[in-house]
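Protein chains in written order, with the numbering used here: chain G, 5 to 373; chain D, 5 to 373; chain L, 5 to 373; chain R, 5 to 373.
Be careful, since some hints might not be right.
Since the list gives no way to pick out one identical chain from another, each pair is judged satisfied if it fits inside one copy or across any two copies.
[As the list claims (entries may be wrong)] Pairs of lysine-lysine, DSS-like flavour, derived with a Cα cap of 27 Å:
{"id": "1", "residue 1": "Lys366", "residue 2": "Lys188"}
{"id": "2", "residue 1": "Lys307", "residue 2": "Lys40"}
{"id": "3", "residue 1": "Lys307", "residue 2": "Lys245"}
{"id": "4", "residue 1": "Lys362", "residue 2": "Lys40"}
{"id": "5", "residue 1": "Lys180", "residue 2": "Lys273"}
{"id": "6", "residue 1": "Lys306", "residue 2": "Lys269"}
{"id": "7", "residue 1": "Lys362", "residue 2": "Lys245"}
{"id": "8", "residue 1": "Lys306", "residue 2": "Lys180"}
{"id": "9", "residue 1": "Lys180", "residue 2": "Lys155"}
{"id": "10", "residue 1": "Lys179", "residue 2": "Lys58"}
{"id": "11", "residue 1": "Lys48", "residue 2": "Lys362"}
{"id": "12", "residue 1": "Lys179", "residue 2": "Lys245"}
{"id": "13", "residue 1": "Lys362", "residue 2": "Lys273"}
{"id": "14", "residue 1": "Lys307", "residue 2": "Lys362"}
{"id": "15", "residue 1": "Lys179", "residue 2": "Lys48"}
{"id": "16", "residue 1": "Lys362", "residue 2": "Lys188"}
{"id": "17", "residue 1": "Lys180", "residue 2": "Lys48"}
{"id": "18", "residue 1": "Lys306", "residue 2": "Lys65"}
{"id": "19", "residue 1": "Lys269", "residue 2": "Lys155"}
{"id": "20", "residue 1": "Lys48", "residue 2": "Lys306"}
{"id": "21", "residue 1": "Lys179", "residue 2": "Lys40"}
{"id": "22", "residue 1": "Lys58", "residue 2": "Lys155"}
{"id": "23", "residue 1": "Lys58", "residue 2": "Lys40"}
{"id": "24", "residue 1": "Lys269", "residue 2": "Lys180"}
{"id": "25", "residue 1": "Lys48", "residue 2": "Lys307"}
{"id": "26", "residue 1": "Lys179", "residue 2": "Lys269"}
{"id": "27", "residue 1": "Lys245", "residue 2": "Lys180"}
Just so you know, these hints were derived from the structure itself, not from any lab.
There are 4 protein chains.
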Amino acid sequence: MVGGGSDSLIGVVHRIAANMGDNFNLIGGAFSIDFKLAESFAAKLELDHTRVYKTIDDLIKSEHLLPENERMQVITVATPNFLHYSMSKQLLEAGFHVICEKPVTTTSEEAIELQQIAERRQAVFAVTHTYTGYPMVRQMKSMISEGMIGKIQKVDAQYYQGWINPVIHDPEERKKVWRLDPSKAGSSCCMGDIGVHAFNMVEYTTGLTIDSVLCDLNMLYDDNLLDVDGSSFLRLSNGSKGIIRASQIATAEENNLRIAVYGDKGGLKWEQENPNYLYHVIEGQPMQVYKPGNPYTSDFEKKSVKLPSGHPEGIFDAMGNIYNGVAAAIREEDYFDGAYPKIIDGVRGMRFIEAALKSNAKGQVWEEI
Amino acid sequence: MVGGGSDSLIGVVHRIAANMGDNFNLIGGAFSIDFKLAESFAAKLELDHTRVYKTIDDLIKSEHLLPENERMQVITVATPNFLHYSMSKQLLEAGFHVICEKPVTTTSEEAIELQQIAERRQAVFAVTHTYTGYPMVRQMKSMISEGMIGKIQKVDAQYYQGWINPVIHDPEERKKVWRLDPSKAGSSCCMGDIGVHAFNMVEYTTGLTIDSVLCDLNMLYDDNLLDVDGSSFLRLSNGSKGIIRASQIATAEENNLRIAVYGDKGGLKWEQENPNYLYHVIEGQPMQVYKPGNPYTSDFEKKSVKLPSGHPEGIFDAMGNIYNGVAAAIREEDYFDGAYPKIIDGVRGMRFIEAALKSNAKGQVWEEI
Amino acid sequence: MVGGGSDSLIGVVHRIAANMGDNFNLIGGAFSIDFKLAESFAAKLELDHTRVYKTIDDLIKSEHLLPENERMQVITVATPNFLHYSMSKQLLEAGFHVICEKPVTTTSEEAIELQQIAERRQAVFAVTHTYTGYPMVRQMKSMISEGMIGKIQKVDAQYYQGWINPVIHDPEERKKVWRLDPSKAGSSCCMGDIGVHAFNMVEYTTGLTIDSVLCDLNMLYDDNLLDVDGSSFLRLSNGSKGIIRASQIATAEENNLRIAVYGDKGGLKWEQENPNYLYHVIEGQPMQVYKPGNPYTSDFEKKSVKLPSGHPEGIFDAMGNIYNGVAAAIREEDYFDGAYPKIIDGVRGMRFIEAALKSNAKGQVWEEI
Amino acid sequence: MVGGGSDSLIGVVHRIAANMGDNFNLIGGAFSIDFKLAESFAAKLELDHTRVYKTIDDLIKSEHLLPENERMQVITVATPNFLHYSMSKQLLEAGFHVICEKPVTTTSEEAIELQQIAERRQAVFAVTHTYTGYPMVRQMKSMISEGMIGKIQKVDAQYYQGWINPVIHDPEERKKVWRLDPSKAGSSCCMGDIGVHAFNMVEYTTGLTIDSVLCDLNMLYDDNLLDVDGSSFLRLSNGSKGIIRASQIATAEENNLRIAVYGDKGGLKWEQENPNYLYHVIEGQPMQVYKPGNPYTSDFEKKSVKLPSGHPEGIFDAMGNIYNGVAAAIREEDYFDGAYPKIIDGVRGMRFIEAALKSNAKGQVWEEI
């Protein structure tokens with residue numbers, strides 16, 4: 005792992021998730037630019053201190069000295085956003101498989117470059133669209149691909165949060181938030197951070213691509229440079245239309261990500277904060293409610309739960325499923341399509357963000373992705 | 005009542021609602037173009053047969069012969085849509101108060117004309133945006149006007165149905181649906197029928213006006229002339245942004261109207277199919293769930309329920325509250341703002357529909373309302 | 005109607021419900037022991053003042069003078085509880101059909117007497133177990149009788165309220181509550197008022213009878229003579245077991261009546277405060293959620309809704325369905341079993357209350373019903 | 005760990021949970037009576053093969069040869085039920101801290117003996133009432149102990165499952181189920197397996213003890229020796245009454261554990277299958293809904309989540325919190341009351357089961373715990 009040390013929240017998620025499927029153990033890493041912090045962190049975890057590195061260069065050099073079967077197999081990049089691209093690139097080039105936190109890059113060009121390197125090096129390169137790891141999201145994907153809702157004719161995805169509300173209204177306060185500082189956060193706040201998850205959920209569950217968007221962004225205040233809210237009309241590859249809505253000023257919302265997909269036979273609806281329920285509305289019939297671990301679910305879903313039905317799955321379990329997907333890919337097993345989010349998903353996400361910004365900047369016009 | 009006889013569903017709603025508050029009794033009307041049907045309908049209801057009329061002209065003439073205190077006070081227009089305007093006009097000019105089904109006209113010009121006549125004749129003229137009669141919608145309006153969620157910064161309203169799905173996919177079938185025939189349904193199907201309810205809910209609950217829209221409509225098939233789905237970006241009068249989403253191809257949805265309004269202190273969320281719950285999310289505090297008939301609700305809400313808390317209210321009760329509002333207005337009582345939807349709401353609705361169509365026809369551009 | 009005048013809440017319910025199906029109009033009655041109140045109430049409703057009576061004796065005498073086809077057909081008894089028995093008896097003997105508020109009597113002997121009179125006079129005698137009028141309760145009854153959940157093996161009904169909490173803790177306050185005064189409320193508070201509804205729901209939906217109970221009542225304070233909470237174990241006629249739970253000290257609960265019935269194929273669950281959802285859990289399959297007015301419901305359910313699906317039904321609609329059942333019975337139509345609660349249900353309810361009290365008094369032992 | 009190898013579901017839960025708080029690593033154990041299986045399991049996990057033992061005796065002997073700071077600290081007992089008591093005893097006597105799966109023993113005498121040994125050896129001895137690890141259960145405990153619902157006056161806990169339904173109706177099938185075989189499962193099926201969880205939840209959240217029970221058990225078939233369903237009336241230590249309901253024939257229910265506690269100020273309600281919502285009903289005020297990781301929760305709750313609000317917690321997270329509690333206890337930190345379930349909870353559970361069986365056997369009479 006690079007980054008993700010001591011007080012890193014996302015580091016915790018990765019450590020736990022990596023361990024969940026008995027596929028990976030944390031061996032070492034370059035956990036912090038403060039090496040003392042990294043060392044004490046590693047000591048707390050009882051890691052072998054010889055595999056705690058000062059820098060990513062040290063890590064690569066030293067690990068390469070080890071016999072191949074003792075080397076770290078996968079390296080998780082959990083550093084601040086601006087380092088994702090360069091570090092992933094370096095690690096891929098050095099022959100490691102990589103799991104990189106989102107956003108994987110700051111431009112689509114960089115993402116495409118990483119995609120090409122990964123292909124060339126035949127490396128597994130996962131991007132953490134974590135929500136794709138939930139069993140019921142996978143069940144949704146299975147059911148749509150099996151035609152259970154028919155031809156898709158309407159898509160609606162939402163990601164509402166309220167976390168920026170407490171800081172956005174005071175000009176001094178909002179200047180202190182790194183997410184609202186273009187030099188640190190890149191070109192987008194709301195679309196880049198959460199809108200892209202909604203985008204990914206649409207493409208992931210439907211198997212369709214979003215071809216163009218018309219986007220209305222909201223900065224709320226004139227002196228605020230980044231979007232804190234925005235919606236996009238969508239054109240999908242099968243000719244259907246849809247909508248994505250994202251907000252960080254939906255006051256008091258937590259992680260209210262939800263998606264509804266309607267076909268000509270029925271629809272499927274899912275909500276992240278209540279992830280163990282999948283609602284299947286059916287033309288002329290009662291709604292059906294799917295839950296994890298039941299006999300009636302898809303093989304992909306069944307492989308994504310660890311216990312019988314009735315045991316709630318959480319966000320750590322979702323990330324764990326992604327690590328399992330990565331493990332299967334490394335082992336070159338014949339596993340499930342969608343078992344982990346790939347760099348192509350990272351590329352598509354970057355293109356969406358860029359198109360959304362362009363659409364809005366031009367005065368809300370259609371922009372191809 | 006004009007129209008609303010025998011097998012009319014909406015007639016049932018009006019009869020029951022009119023009666024609910026002990027303000028009105030159905031005395032008579034011109035219930036049907038088939039007078040025999042009208043007579044047997046009236047006989048079934050044990051109405052005085054002398055007040056069952058062949059035409060609206062007969063009705064007006066005969067009622068005018070009666071002493072003023074014996075005349076019908078209010079006349080409900082529940083005829084097919086294309087007659088709403090002309091009949092309402094005639095009745096208003098003849099000195100009656102009028103309750104007209106939605107859509108009140110087919111153009112905003114007509115609606116404005118009715119508004120002017122009603123003002124001139126000092127008549128009460130109600131338009132049945134029935135959902136404004138739900139106790140929890142009124143509670144929402146009260147709480148927003150009292151500042152409980154602070155300054156509004158985000159609005160999102162949805163009205164999803166799936167009823168057109170079974171008929172839209174077959175070219176022969178869809179030609180038989182009057183709602184999809186411009187000569188019968190007017191210029192819009194989805195926006196005109198349900199999008200306008202979502203529009204009304206936004207203006208009703210927030211007290212803001214929607215100044216302009218950018219709308220993306222969906223006809224689904226090239227040979228289908230009217231919209232069956234569509235979304236609008238919004239600009240509201242206080243500078244905030246929002247969105248309205250409506251669909252009749254959200255397969256297997258029934259009447260999934262919902263609204264979420266977020267201010268800088270919190271938000272309020274309500275759903276029509278579960279109308280007795282109002283969700284108040286609050287910055288930094290647990291969500292609160294309001295229910296009808298409790299000590300903690302507003303005076304307006306309290307006046308809109310008939311029983312103590314725990315007795316579910318339905319759609320008939322909502323319409324009953326609107327009739328109560330009309331009764332109070334006729335009695336010139338000092339009642340609550342928003343006690344019944346006025347012709348101005350009908351005017352605003354028509355303008356929204358026209359702007360939405362224009363915005364879409366021009367290629368999804370901003371259009372003022 | 006006798007009783008139910010002016011400020012009577014239950015009178016409102018009956019007036020509206022009676023009117024809902026276009027079967028009944030309120031013609032007159034003996035609305036109050038204060039005749040002036042009764043007269044002004046009748047004037048407000050624009051009733052014929054010649055049919056506003058001082059007493060029930062006057063009512064019977066005067067109505068009998070009218071030709072049969074002009075007489076009141078059905079008389080609703082909405083007086084205070086202690087008058088239900090004597091008035092119902094008098095009205096039945098006088099040849100009227102009767103709809104009586106619950107509890108219909110204070111002893112099972114009286115209830116049996118009324119049952120016998122009604123049979124002898126061939127009168128329709130309805131008891132207002134209003135919850136049986138909800139469309140989804142009727143759907144539940146239909147599905148169970150059609151065998152959709154198989155052989156019943158477990159029943160659980162709950163009725164939790166909290167309304168006594170604010171008055172129960174102060175010895176002075178609780179003495180003022182008529183419901184806690186045995187001289188006014190009879191022998192039971194919680195079981196008699198709401199436990200009996202849970203009992204009725206079990207017998208209504210399952211078609212089984214409850215043969216014996218073992219009951220644990222709670223008076224909360226030694227000086228309080230009546231139960232404010234209690235549960236019963238059940239033995240049902242098909243050999244299965246079950247439980248009824250009722251409380252008036254479930255603080256802040258409103259009308260939380262719910263029932264779950266499990267058979268060997270699946271189960272059905274319903275909640276009064278959310279009455280338009282019926283949950284069908286099925287062995288090995290996803291849960292199905294039934295809603296009113298859909299093509300997939302039973303004929304009985306379909307006859308119990310007035311509008312297409314998606315229009316929420318409330319408590320008034322439930323009572324309206326009971327009035328429709330009474331109307332069909334008076335017209336001697338071949339209608340649905342369970343279309344209105346009969347005096348036999350009143351008899352069974354009284355027997356349940358008596359058995360529950362006896363079981364508890366003897367120290368929680370089994371008592372036959 | 006003893007037991008919990010290869011295909012053991014509960015072993016997975018313990019491994020993941022142990023790891024979650026960075027407190028524990030799985031070092032070794034006696035994973036299986038089939039040593040080859042144990043070895044291949046350990047190899048898969050890349051454990052040091054010198055610490056994979058054939059028997060618990062080997063484990064104790066070999067670990068004792070290691071310096072104290074290298075020895076296993078805690079040993080998790082995840083063997084079949086009948087071994088829990090003897091192995092826990094052996095491990096406690098050998099100076100290890102122990103985490104034992106439920107049921108910890110087959111009689112209360114054995115449980116008391118373990119309690120005494122643990123006290124004597126000053127060992128931490130945890131019993132896996134896993135549900136006490138959910139953040140919202142801990143929030144509930146905090147709120148009740150802080151008096152937020154006032155004096156408790158009513159308790160209702162339910163644990164409904166349907167898993168026995170598919171096997172109970174065929175005499176041959178049900179004989180094959182080990183849980184229904186007294187020689188393997190002990191004296192109770194439903195009460196012993198899940199009723200005891202409901203019992204524990206009541207005592208855990210309220211801080212009260214249940215002093216006596218009157219229990220009605222159901223074997224469903226005469227030739228079935230163990231209970232598959234049952235309810236208990238309760239007498240609690242503060243004089244209040246309550247009820248516990250458990251079933252394994254609530255067809256198609258998964259793990260429907262729920263608890264409601266009502267005090268004189270309000271009530272709290274929680275459901276295991278939707279564990280991230282805690283419902284606080286309040287006398288005269290809107291219901292409040294608590295969710296994990298928010299600023300308004302208790303310190304105990306805050307310490308029981310790993311991420312900010314909006315990230316759903318699951319059953320693994322609950323178990324992880326219990327491991328954290330054990331770690332704190334071993335470190336002799338001043339942590340939270342209720343941070344892990346203790347052997348005293350195991351003792352109380354065994355007493356409950358015994359009292360329930362006795363109460364039922366005597367014909368549903370009160371039995372002290």
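Against the structure, the hints:
no., hint, in the structure
1, Lys366 <-> Lys188, "within (24 Å within a copy, 39 Å between copies)"
2, Lys307 <-> Lys40, "between (40 Å within a copy, 26 Å between copies)"
3, Lys307 <-> Lys245, "neither (32 Å within a copy, 38 Å between copies)"
4, Lys362 <-> Lys40, "neither (44 Å within a copy, 62 Å between copies)"
5, Lys180 <-> Lys273, "neither (37 Å within a copy, 31 Å between copies)"
6, Lys306 <-> Lys269, "both (24 Å within a copy, 23 Å between copies)"
7, Lys362 <-> Lys245, "both (20 Å within a copy, 19 Å between copies)"
8, Lys306 <-> Lys180, "between (45 Å within a copy, 26 Å between copies)"
9, Lys180 <-> Lys155, "between (47 Å within a copy, 23 Å between copies)"
10, Lys179 <-> Lys58, "neither (32 Å within a copy, 62 Å between copies)"
11, Lys48 <-> Lys362, "neither (47 Å within a copy, 50 Å between copies)"
12, Lys179 <-> Lys245, "between (37 Å within a copy, 22 Å between copies)"
13, Lys362 <-> Lys273, "neither (30 Å within a copy, 32 Å between copies)"
14, Lys307 <-> Lys362, "neither (40 Å within a copy, 43 Å between copies)"
15, Lys179 <-> Lys48, "neither (36 Å within a copy, 50 Å between copies)"
16, Lys362 <-> Lys188, "within (20 Å within a copy, 41 Å between copies)"
17, Lys180 <-> Lys48, "neither (32 Å within a copy, 48 Å between copies)"
18, Lys306 <-> Lys65, "neither (40 Å within a copy, 41 Å between copies)"
19, Lys269 <-> Lys155, "within (8 Å within a copy, 33 Å between copies)"
20, Lys48 <-> Lys306, "between (35 Å within a copy, 22 Å between copies)"
21, Lys179 <-> Lys40, "neither (31 Å within a copy, 62 Å between copies)"
22, Lys58 <-> Lys155, "neither (53 Å within a copy, 49 Å between copies)"
23, Lys58 <-> Lys40, "within (9 Å within a copy, 41 Å between copies)"
24, Lys269 <-> Lys180, "between (49 Å within a copy, 21 Å between copies)"
25, Lys48 <-> Lys307, "between (33 Å within a copy, 19 Å between copies)"
26, Lys179 <-> Lys269, "between (49 Å within a copy, 20 Å between copies)"
27, Lys245 <-> Lys180, "between (38 Å within a copy, 25 Å between copies)"
Checked against the numbered hints listed earlier, the structure breaks hints 3, 4, 5, 10, 11, 13, 14, 15, 17, 18, 21, 22; every other hint is satisfied.
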